[in-house]
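Peer 1: Turn these sequences into a full structure, and let the hints guide you.
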Amino acid sequence: MIYRNMSILTDVTKCIGCDRCVEACRETNHLPPDKPWRWLRNITDLSTSRWTTIERVKSDAGDRFARRHCRHCLEPACVEACIVGALQKTPEGPVIYDRDICIGCRYCMIACPFEIPRYSWEDRVPYVQKCNLCYERVKYEGKLPACVEACPTEATIFGEREDLLREARRRLATEPGKYVQQIWGEREVGGTSVLYISDVDLELTDLETKFRDETPVPLRTFKVLHHMPEVFVEMAVVMGGIYWVIERREKLAAERAAQAGEERGSASPDQEEEDADAADSGTTNGPKGS
Amino acid sequence: MNVRTFKAILWFLLGAGLTVILLRIIHGPGAVVALTDLMPWGLWKGGGVVALVPIGGAGFTLAAFVSVFHWKRYKPLYLGAVLLGLMCYSSVGAGLTFDIGIWWRIVFPIWHWQFHSTLFEISWCIMLYLCVLTVEFGHAVLEKFNFHRTARFLERFGIVFVIAGICLSTLHQSSLGTLFLATPFRLHPLWYTELLPFLFFVTSIGLGCLTISWVAIVVHRLYRAEQPMDAISGLGRIAAFVLALYLVVRFAGIIATGKGGLLFLPSWDTANFWVEILLSAAIPVALLTRQRFRESPAAMFWITSSGILGVSLNRINVAGLATVSTTNQFYLPAWTEWTVTFGILAGAALVFLFCVENFNVFEKIDSQRLDEVYTPRRVDPGDWRTIFFQNPRADARVYSVVLVLAVGLILLLVPQEAVFGLRPEPTPAQGPRIVEISNGEVPGAVGVTFAVPLVGQEINGAPGTLLALMIDGNRDGDYVLFDHQKHVSKQGGGDDSCVLCHHMQKPYEEVSECTGCHSDMYLAVDIFDHDTHVVHTKGNQGCIECHTDPAAEKVRETAKPCHECHETMRPEGTRIDIAEAQQTTMAPGYMDAMHGACISCHQEEMENREKTGGDLTTDLTLCTNCHRDLPRLEDEEWKARL
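Residue numbers (the numbering used here), protein chains in the order written: chain E, 1 to 290; chain D, 1 to 642.
Think of the hints as simulated: they come from the structure by calculation, not from any bench.
On a predicted model such as this, the values are computed, not experimentally measured, just so you know.
Honestly, I wouldn't trust all of these hints.
[What the hints assert, rightly or not] Examples of chain E residues toward chain D, derived with CB under 8 Å:
| # | residue |
| --- | --- |
| 1 | Asp-60 |
| 2 | Ala-77 |
| 3 | Ala-81 |
| 4 | Tyr-107 |
| 5 | Pro-113 |
| 6 | Glu-115 |
| 7 | Tyr-140 |
| 8 | Thr-153 |
| 9 | Pro-218 |
| 10 | Val-224 |
| 11 | Val-231 |
All residues carry an ideal CB built from backbone N, CA and C; glycine is no exception.
Peer 2: Encoded structure:
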């Protein structure tokens, strides 16, 4: 099946925190067992061995479980940031990673508004690690993403983004008292392919960007970056122009001095030239003395 | 300071840095850095790249002043500035190579193009600018070796290279700011502004003036030459203008975007901001307006030091320090990271001094000066120290000794993981505590419900309560209440019921407790003590007792199984088959062991019940059957109860 925008909708009210998605992900993507590395605050944090994990969301109404993994943004900051294009937004939606060209600059980790990419610091040749929405499994094997397939309560479902948005809106409409009237991922940083609905507020959790803004991150940098060719040319023209003008003025001054020298026929030309230089630097040299 | 001593220190730092770089190549960056997933850029990026590039800005600043604007007053510092730029950018390249995860892929941006990436643009600009700097400085080298015709040929196109260098610098100096436009979520609002590219460019000009002045002052002092104060004071004046402009724009930006309130909000970040502003611009601008200060080498030394520190702090703040409070990730560079940064800088400084001594970079430091600085010292035949340290060839010897010493010292001092590779951190598992629980019906929770956890000595045996084991191996407050008595009676209650679960009787122990072998929460632990076995089998003659096949390799796998000697170690009738485990003598982590022991038995029991029509109301296979929603107890609470 051809997808236009592979997406996942997670209903926080249905998640029981059983970790089966985590185990399914580990098995499908051949991830190593969890180990307590120095840089992990908690062994169940997102890590090399966990491309998805269950976060406990504390709220007044009691604790909730929410599955955290790559949000597969519609305009992904990591893809824009990647220096060699190792991260790519596929036409079907998932953001995938090519480990054969990644140089390990870790700019994607800095740029990601959801703090998703992890680094396998423990390896001698480390790579960036993140969910790929089981891209090849879904595209070539026609299966569901491993986590969705493993979910026993259908808390996390897979489909086209428009369909899932419609489904989310339907759920919000049918049980307005239960849900917070918001679909997380609909508009943040330009929209994400991974959507959440919940009966508690997900704001200020790790699932939410800390900076509520709907501007896609790539716009922030590219807005400046796409002016760079112009800046280069303008700078070259300005510098070249200044150089040409001053060079010419000095040449003329030297000629005049030479003429004056000939007329007077006394002072040596070398002496004259130095004087002219000094005078010239005095005029063009804005700040001089005080 | 004496040039010789100074160089010896640089060689020491270089040796130390190279050693850590070697370890980093062998074991990967994780072994020598203190970075985390949420703070993935540290000293090597913030200090070694983002802060070092504007320091190298001296090159394009002076090139513009001298070659384009024809301000001949700065000519004496021109070649020094180009060399400073060359050294800074080379250091940036070297630092970046070892900062990125896969160092040999540093060249990948040359053919893997990604035009939307700021980093891609910066890497190309830096590569090209390094070429430009090499050509600009190469002129001096060519002259030195009498390649006059080539030198003149380069000279004819000199202005093209100069202007290309200026344009490339404009691009990458500002793009370093653009880089952090992608981090509105991380960067503190006092630093995050759309003006970052402009601010970075402006400060790089101001800093360029300051750094070449600083370097000129220090190097001339080192060789006891007279400082070119005319050029330096002029640069100080320009720097004052540029930094004042920076101050105005920076504050205007902050106030215009409505962040003015943050300026006086008492917080760590505000203090950091003001220190940065004072050091980078306020103090230099205020002092540089005084001609008396501008013409005094000592005053200029302190003013430029302040400016360099301040602007570097600005870059380090943007690259990481000002994200500490927003990301709530504290990161302190490991000393091994400092060693590499200083090592690379020391290497660059050594090359710089070499060029100063050989390519007539500064007019005043000529061969006469060098002869005076490097006067041959007196050698007293009766004193071995003078023979060793003061003979005419001693310098190279001293530098070599210092370099080797540094390598040795670093290898002695580095943490174990830098030498042997990274290991997961151990989490010692602790045995369960005895608590008193009440066995009552509570809606929603069938079976045992949590009452008051009491510690051993407080148990009073009140009616309706019973004792349970509180299993919390890593003492993180999440625990399972295990009704030991109930499990014993389920297994028949006889003496032989213990061994069903307690599958190991270590020598001299009747029943070994779980944490005796499964002593780490997550990691498998080696429980075989080779040394003790060597002693008990009478040293080297005893190898054959376990390694029975003399032809086989003497490893764990080919040795005699433990239970052939320790007949009682694995009791009869145990549920947990450890035949294989015993052979490898690795005990799985505590959590895995507990899950392995409980879950298999629970599944078996449920299958039995289904077959025999037993009680099916409680599903023993559910996680929540054991992991109940019980109140968490933090360690402090426990300590209070004890």
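Peer 1: Each hint should be assessed against the structure and marked as holding or not.
Peer 2: Going through the hints against the structure:
no., hint, result
1, Asp-60, "violated (16 Å)"
2, Ala-77, "holds (6 Å)"
3, Ala-81, "holds (6 Å)"
4, Tyr-107, "holds (5 Å)"
5, Pro-113, "holds (5 Å)"
6, Glu-115, "holds (6 Å)"
7, Tyr-140, "violated (25 Å)"
8, Thr-153, "violated (13 Å)"
9, Pro-218, "holds (7 Å)"
10, Val-224, "holds (5 Å)"
11, Val-231, "holds (6 Å)"
Hint compliance for this structure: hints 1, 7 and 8 are broken, all remaining hints hold.
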